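S.K.: Chains as they are written, first to last, in UniProt numbering: chain A, 1 to 236; chain B, 1 to 122; chain C, 1 to 113.
Since the hints were derived computationally from the structure, they do not count as laboratory data. Predicted model, so just to flag it, every value in this text is computed and none were measured. A couple of the hints might just be wrong.
Said to hold, decoys possible - Distance windows between CB atoms, simulated:
id: 1; chain 1: B; residue 1: Asp47; chain 2: C; residue 2: Gly41; range: 43 to 51 Å
id: 2; chain 1: B; residue 1: Leu29; chain 2: C; residue 2: Asp90; range: 15 to 23 Å
id: 3; chain 1: A; residue 1: Leu115; chain 2: C; residue 2: Leu95; range: 17 to 25 Å
id: 4; chain 1: B; residue 1: Leu116; chain 2: A; residue 2: Asp28; range: 40 to 48 Å
id: 5; chain 1: B; residue 1: Val67; chain 2: A; residue 2: Gly73; range: 43 to 51 Å
id: 6; chain 1: C; residue 1: Leu51; chain 2: B; residue 2: Gly104; range: 40 to 48 Å
id: 7; chain 1: B; residue 1: Leu29; chain 2: A; residue 2: Asp40; range: 14 to 22 Å
id: 8; chain 1: B; residue 1: Pro98; chain 2: A; residue 2: Met54; range: 54 to 62 Å
id: 9; chain 1: A; residue 1: Asp40; chain 2: C; residue 2: Asp90; range: 43 to 51 Å
id: 10; chain 1: B; residue 1: Asp47; chain 2: A; residue 2: Ala106; range: 29 to 37 Å
id: 11; chain 1: B; residue 1: Gly104; chain 2: A; residue 2: Ser47; range: 32 to 40 Å
Idealized CB from N, CA, C, for every residue including glycine.
Each chain is listed here by its residues.
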Amino acid sequence: MILRVSRYRPGVDAEPVFQDYEVPDRDDWAILDALNHIKDTVDGTLSFRWSCRMGICGSCGMTVNGEPKLTCGTFLTDFTGPVTVEPLRGFAVIRDLVVDIDPFLANLSKVTPWLVREGEEPASEFAQTPEQLEAYKQYSMCINCMLCYSACPVYVLNPDFLGPAAIALAQRYNLDSRDMGDRFDVLSSEEGVWGCTFVGECTSACPKHVDPAEAIQRYKLTAALRSVLPFSRRRS
Amino acid sequence: MSYSPPRDRLWFLRRRAYLVFVLRELTSLFVAWSAVYLILLLDAFADGALPAFWDWAGTPWVLALNVVALAAVTFHAVTFLNLAPKATVIRLDGWRVPDFMIVGGNFSAWLAVSALILWVLW
Amino acid sequence: MSPLRRRAEPYLWLLFGGGGVVSALTLPALVLILGVLVPAGVLSRPDLTALLSNAVVRLALVGLVMLALFHAAHRIRFTAEELLGVARWDRFIALTCYGLALTGTVVTASILF
């Protein structure tokens, strides 16, 4: 099996170039295992991020044969011919398969992704009913792997767009019965939900079934109704 | 120091889903044409020039354009009614109404409105 | 983004969404009958006099044209910007698209009333 890996060495390469590596065609190997095989036995200079190998840490996202994928969950047996491995699209490449995640982290922090409380702390733990948990649980499964950003043409064209994961995370707290925050001003903007044209590929790309596209469309309706109805609930 | 690729002008050809998305969005051109066609029809009616309008509408290129418009607005209807439940999450007493029921309701409404239009214009 | 455009965006989206629903429900049947079957001679030409003498029907038609045009204007605005990479001229493109939609609505209203 041939792995065509995108290489970029800052200061050496003007732009990324492909390098072919022959790897054993093993049934139980994911793309990440093949990359680690290359790094350990063929070419120690190859750079890429990885950690948990089990789809939880969200650090091994790359573009595999043109699709944004977690390389730990994408297996060699899924392919017949050569497999191209490139860095995630939509982000600047630092080296080889490593991208600059700072813009993504900046977008995440814009939506105050934590429980915002006002007034006194509750005396005991804040109990939730199963229904209250169900309302936001799906959006809390995000592992910040950035596959949805890479799949989103709006984000790739316009890096100012807040993007799928950040808006889904905002909804994770908006729909939490314990949260008292208001994210209207950051979400109801052209860089927020109004920049989305509902391509829907963020949801197809998500390895954790978060459905960011749904989160965005739901908040569009929420924001629109809040803007139009004069007596709607505006907590800020 | 990092590398940022240049803007990909042909991004919509890179994946099948992008192409379907662009085709879905371009149906709006035919939604606009359908509205303009209705305006022309109403204008002809107001001027008492309906026979001339129908003759014009029967010329091959207008008829061909409207056949394409019919395909486009039908594609628009299917995609739009399918995607509507994403924005409208309905909860009844905590129970989330499944998407297929909302979509089923949408398509029933489409059928009912179409039957009404057919009944009025026939 | 200016506060004015921040306030306008939700209304434009509601017009887009409402227009999408109304277009989906009505346009396939209308185009099939008035654009294809009647001009092709399959159906006889309908008598619109009685129908259009009803003010409710005329009002509904103005609403239909308005919503369909604003739906199309919104999508054409964003599609043009995404396909051609001209988002920096958004203000000009938006004014053109929504301006044309508004013009079409006014023309329809002036024809029918």
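S.K.: Looking only at beta-carbon atoms, does the pair Asp40 (chain A), Asp90 (chain C) fall within the given range of 43 to 51 Å?
M.R.: Roughly 50 Å apart at Cβ, these two residues keep to the hinted range, so it holds.
S.K.: Holds or violated: 15 to 23 Å for the Cβ distance of Leu29 (chain B) and Asp90 (chain C)?
M.R.: Roughly 19 Å apart at Cβ, these two residues keep to the hinted range, so it holds.
S.K.: Is 43 to 51 Å a correct range for the gap between the Cβ atoms of Asp47 (chain B) and Gly41 (chain C)?
M.R.: Given a distance of about 23 Å, which is not inside 43 to 51 Å, the answer is violated.
S.K.: Just tell me: holds or violated, for the beta carbon distance of Leu115 (chain A) and Leu95 (chain C) against 17 to 25 Å?
M.R.: Violated - the Cβ-Cβ distance for Leu115 (chain A) and Leu95 (chain C), about 42 Å, lies outside 17 to 25 Å.
S.K.: Holds or violated: the 29 to 37 Å window for the beta-carbon distance between Asp47 (chain B) and Ala106 (chain A)?
M.R.: 59 Å, violated
S.K.: Take a look at whether the Cβ-Cβ distance between Pro98 (chain B) and Met54 (chain A) falls inside 54 to 62 Å.
M.R.: Taking Cβ atoms as reference, Pro98 (chain B) and Met54 (chain A) lie about 31 Å apart, which means the hint is violated.
S.K.: Using the Cβ atoms, figure out if Val67 (chain B) sits within 43 to 51 Å of Gly73 (chain A).
M.R.: Cβ of Val67 (chain B) to Cβ of Gly73 (chain A): about 46 Å, so the range 43 to 51 Å holds.
S.K.: Does the beta carbon distance between Leu51 (chain C) and Gly104 (chain B) stay inside 40 to 48 Å, or does it fall outside?
M.R.: Given a distance of about 31 Å, which is not inside 40 to 48 Å, the answer is violated.
S.K.: Does 40 to 48 Å hold as the CB distance between Leu116 (chain B) and Asp28 (chain A), or does it fail?
M.R.: 60 Å, violated
S.K.: Is it true that Leu29 (chain B) and Asp40 (chain A) lie within 14 to 22 Å of each other by Cβ?
M.R.: 55 Å, violated
S.K.: Confirm or reject the claim that Gly104 (chain B) and Ser47 (chain A) have a C-beta distance inside 32 to 40 Å.
M.R.: 51 Å, violated
In terms of the numbered hints stated before, the structure departs from hints 1, 3, 4, 6, 7, 8, 10 and 11, listed from lowest to highest.
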